[in-house]
Amino acid sequence: MSETRTLWTGGCQCGAVRYAWRAPPLFSSICHCRMCQKASGQPFMALTGGKAEDLRFTRGQPAIFRSSNFAERGFCKDCGTPLTYAFAGSGEISVAVNSLDDPNLAPPTRQFGIESKVSWLDSIHALPAETTDDWLKDKSGSLINHQHPDKD
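My numbering puts the first residue of the sequence shown at 915, with every later residue one more than the last.
These are computed hints drawn from the structure, not numbers from a lab.
Given the structure is predicted, the values throughout are model-derived calculations rather than measurements.
Wrong hints could be hidden among the right ones.
[To be verified] Keeping only pairs whose Cα atoms sit at most 30 Å apart, straight-line, the calculated DSS-like set for lysine-lysine is:
| id | residue 1 | residue 2 |
| --- | --- | --- |
| 1 | LYS965 | LYS1051 |
| 2 | LYS1031 | LYS965 |
| 3 | LYS991 | LYS1051 |
| 4 | LYS1031 | LYS1051 |
[Said to hold, decoys possible] For each label pair, taking beta carbons as the anchor points, the in silico distance ranges come out as:
| id | residue 1 | residue 2 | range |
| --- | --- | --- | --- |
| 5 | ALA1002 | ALA1040 | 34 to 44 Å |
| 6 | LEU1050 | ARG980 | 35 to 45 Å |
| 7 | PRO1042 | PHE971 | 34 to 44 Å |
| 8 | THR1046 | LEU940 | 32 to 42 Å |
| 9 | LYS952 | ILE1038 | 11 to 21 Å |
A virtual CB, placed ideally from N, CA and C, is assigned to each residue, including glycine.
Put together the whole structure using the sequences plus the hints.
Following this line, the structure appears as structure tokens:
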């Protein structure tokens, strides 16, 4: 029997659901459609995925919402983190890129749903930017982070 190794890991914000992939992604994209915007609460949803058989949940299971007659979205029932997207019966599944422990592993190669792309998205690179630490310097008190750390 051949040994399988975990190539990438991820999970939800509270740590109740964790997953591991044992194969490289077959695809990585961003979707601007209204369903993905609403499911992520963001201007677009970045997704990466592959064969469903290569994904293992190592802690907990996502709750499932059937967002259309052919798509299912998984999320953490405790903290609400969007986790998965799958076409029912396709044998493939995607995970939300920002649920990966290292989102830099899955740069998008394609965009979908551009008819719903928000008009200001292409100009955000010109906005003033600062790090979280710089932003917190002027705040009274300090940030108390309740987020599960990346990696177990």
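Which hint numbers does the structure go against, in order from smallest to largest?
-> Structure breaks hints 1, 3 and 4.
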